[in-house]
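J.: Sequence:
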Amino acid sequence: MAFWRLFYHITFATKDRAPFITSAIESELHGYLVGKAEALGAIVYAVGGVEEHVHIAASVPPKISIADFVGQIKGAASYHINHLPNRPDFLFDWQRGYGVVSFGQKDLDRVIEYVRNQKEHHRRGDLVAGLERADELEDAPQIAKS
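Heads up: the sequence shown runs through residues 1 to 146, numbered per my numbering.
Derived from the structure by calculation, the hints contain no laboratory data.
All clues stand as given, with none of them false.
Between beta-carbon pairs, the in silico distance windows are:
1. 82 - 109: 28 to 38 Å
2. 112 - 41: 12 to 22 Å
3. 1 - 90: 41 to 51 Å
4. 89 - 1: 42 to 52 Å
5. 5 - 82: 34 to 44 Å
6. 105 - 18: 29 to 39 Å
7. 97 - 62: 20 to 30 Å
8. 97 - 63: 17 to 27 Å
Pairs of lysine to aspartate or glutamate, EDC-like flavour, derived with a Cα cap of 16 Å:
9. 119 - 52
10. 36 - 68
11. 119 - 26
12. 15 - 93
13. 119 - 51
14. 63 - 38
15. 15 - 52
16. 15 - 89
17. 15 - 51
Note that CB positions come from ideal geometry on N, CA and C, so glycine has one too.
Let the sequences and hints guide you as you build the complete structure.
T.: What follows is the structure in structure tokens.
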């Protein structure tokens with residue numbers, strides 16, 4: 001078995017940033033995301049978010065690319081929510097893309113706190129911009145053209 005220590009903060013948003021993650025489905029959704037992630041071999045440290053996006057702090061094994069991991073948990077979660085007996089009266093879907101930031105083990109506790117307390121961070125407006133992105137970064141490194 002391989003040794004790995006890969007820590008990620010992952011963010012993705014609901015379709016059109018609609019407030020789909022209501023209190024009625026939040027616990028079910030977060031629990032399902034954890035279960036699917038663990039089935040893929042990940043270790044989930046925290047899941048949080050607000051009505052229109054989710055944050056996950058996790059270690060994802062190197063046997064699966066981060067793109068495949070995020071695609072699989074997003075797809076499975078939307079399918080699950082849309083097939084619940086008490087499903088919402090709208091089609092639950094995710095926006096294309098995601099944000100991912102890697103971090104070191106020394107920052108794990110701080111990232112867990114940030115993810116678990118998303119509602120409070122949003123209420124107070126004390127957000128970490130780089131951890132709130134759920135699509136392509138505007139300030140991503142650019143390749144110089146020669």
